Amino acid sequence: MGPSTTDPATDLAHGAAPLHLPAPRLQELMDELRRAGYACVGPTLRDGAIVYQRLPSAADLPQGISDDQAPGSYRICHTGSARRFAWANGPQALKPLLFAPRETLWRASPQPDASLAFDAAIPDGEALAVIGVRSCDLAALALQDRHFLGGSYPDPYYASRREKLFIVAVHCSHPAPTCFCASTGDGPRATSGFDIALAELDGGFIAEAGAPRGEQILAALGLAPASAGQLAQGEAQLHHAAAVQHRALPGRNLQAALFANLEHPRWSDVAQRCLSCGNCTSVCPTCFCHSEAEIPQLDGAHSEHVREWDSCFTQSHSFIHGLTIRPDTRTRYRQWLTHKLGTWHEQYGRSGCVGCGRCISWCPVGIDITEEAAAICGPGD
Amino acid sequence: MAKLPLSARIVGRVEESPTIFTLRLRLADERARAAYRFAPGQFNMVYLYGVGEVPISIVSDPSGPELLDHTIRAVGRVTQGLARLQPGEHIGLRGPFGRGWPLREAEGHDILVVTGGLGCAPVVAVINYILMRRERFGRLTIIQGVKHAEEMIWRERYAYWNTLPDTRVLLAADHGGALWPFHVGLVTEVFDQAPITPANTLVMMCGPEGMMHAGIQNLTARGIAEERIYLSMERSMHCAVGHCGHCQYGARFVCRDGPVFAYPRVKELFRVKGY
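Sequences listed follow chains A and B, in order. Just so you know, we're using the numbering used here here: the first sequence kicks off at 1 and counts up by one. Just so you know, we're using the numbering used here here: the second sequence kicks off at 1001 and counts up by one.
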């Protein structure tokens, strides 16, 4: 694994003093990343949402744009601000860049001797530098790393992209009302898993390296140290970004509380509202479920074995011959929540929720995970 | 997905019943064939070209891993396609996966094998394993229940097993019929006839969860400790390596942490509808 997964605490301990990157020089950072062999990906406005895609230049960043988020609602607004990262998050996290929404795993082709030949379709993707990664998404990335790379069968598809990922985090200064990363301990400050972290101020950025390769990029820019005033402003912003969050989960580990309440009437109540559409699992940065399917080619010469994102909210997800384990919305929502906030602890040592709030905004009926968790587990402390 | 499937030639096919068949497979690649090892209770992902994969447990003996028997019931797209294949044709094989039966712990103990419905294939591997190493195990009791007498496959095999020393076969059908000389009623009703020494018995179960649940209630009431009861669980599986999420059972991935579990490992959610 690349340096971006090294422990930032140790990296930052020896790191140089934070630097100041004037806003007009953001393009130079991108140029330096390109020189180092990375293609830049960053937040851009597309179809009324901020999404991560190819970033031709710093001018394509969403300057003066913010997001209004509420349960069941996401709207872009124009603020006139000179800032480029004055928004919370869009529907995507890093997930689609590493765990592809749909990809071919292998191809089977019949041979003249009646045997089958199998060829892996490991992607040889380009090295990407993602600019503007949020702390919640870094926490989610660490969880996806653990899921896809941690066991006896590290996923080569995920790994091939992950190894080449360079991360420029931007501390969150404008959380949405749907955000609750302060309560899950995953933000608003990016504390680990990045190569470079930026704090956006008016007129520029405080830049810190989180790994040696980030340090190299910053060194090449020849930046001046950030002033005490700039650092104080950065701290104040982060303090504010945590303080304005009013949503919270009723505790960090809800496994016992959830499983003690498997027959709570709230599960039926939420099932009356939930459309079982799977939007929450699609926008969730940690949800890893996928299905595998076979796409035989029309010429008969080969067949592709593909995987694509799946959701525990579909009927097919739990289907075994003659039986659907979760036939209704109540059992599906319960599976999702008891896994996300419960059994993740046992599987990966922490909750599967990083407080990004996407499932709240992108739920068509505005179901709020923090509200449901509190109704089922009690309000907590 | 971590392993690619390997091409496997069908070298034998046995029609066990109108819907159940056994494929005997031989890996095409010599090196892969020589390296292949498995434990009873483990499964392979069996791939039908152009259609897809299904998890199927291996029923043959681990001492002969060059020939891999898979007993399959034709119930879905893939298995119905597999049912039409003939010797000489190739399929894909990815595996083995999962944790099998606790055979080392079972040595020196009486073994009670309980199966219901058509869930018998995973435990047939264990029965054969024990019978081939008879001196290492105590009494073997095999209890098999089916809904209808005509669903009973391998009847001759069960009859033969019943003639072996220290081996007892008890059969039950919810609905018997003229040619069913065995018990008519629930499979748990024949437990009374099983010679059980709780402190020295290890139980291996496979079948519908309702049946396994009734069996567990019956056996624990007789003093068998829960940790001496092992179950083979079934859930939807796509990847077989603990990534796709379909087979999750609480915190467990059935494909990776199972399919065979000591009962306490799955007890919390066992029979909770929706898990």
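Incorrect hints may appear among the rest.
Examples of chain A residues lying across from chain B (beta carbon under 7 angstroms, computed) [as the list claims (entries may be wrong)]:
#: 1; residue: 288
#: 2; residue: 290
#: 3; residue: 321
#: 4; residue: 323
#: 5; residue: 324
#: 6; residue: 331
#: 7; residue: 347
#: 8; residue: 348
Facing chain B, a subset of chain A residues (Cβ under 8 angstroms, in silico) [what the hints assert, rightly or not]:
#: 9; residue: 112
#: 10; residue: 114
#: 11; residue: 291
#: 12; residue: 322
Pair by pair, the computed Cβ-Cβ distance ranges are [what the hints assert, rightly or not]:
#: 13; chain 1: B; residue 1: 1133; chain 2: A; residue 2: 102; range: 45 to 53 angstroms
#: 14; chain 1: B; residue 1: 1064; chain 2: A; residue 2: 301; range: 42 to 50 angstroms
#: 15; chain 1: A; residue 1: 68; chain 2: B; residue 2: 1085; range: 54 to 62 angstroms
#: 16; chain 1: A; residue 1: 151; chain 2: B; residue 2: 1064; range: 27 to 35 angstroms
#: 17; chain 1: A; residue 1: 51; chain 2: B; residue 2: 1273; range: 54 to 62 angstroms
No wet-lab data here; the hints were simulated from the structure. Quick caveat, the model's predicted, so the values are computed rather than measured. C-beta: ideal position from N, C-alpha, C; glycine also.
- Taking the numbered hints from earlier one at a time, note which ones the structure violates and give those numbers from smallest to largest. 4, 5, 8, 9, 14, 17
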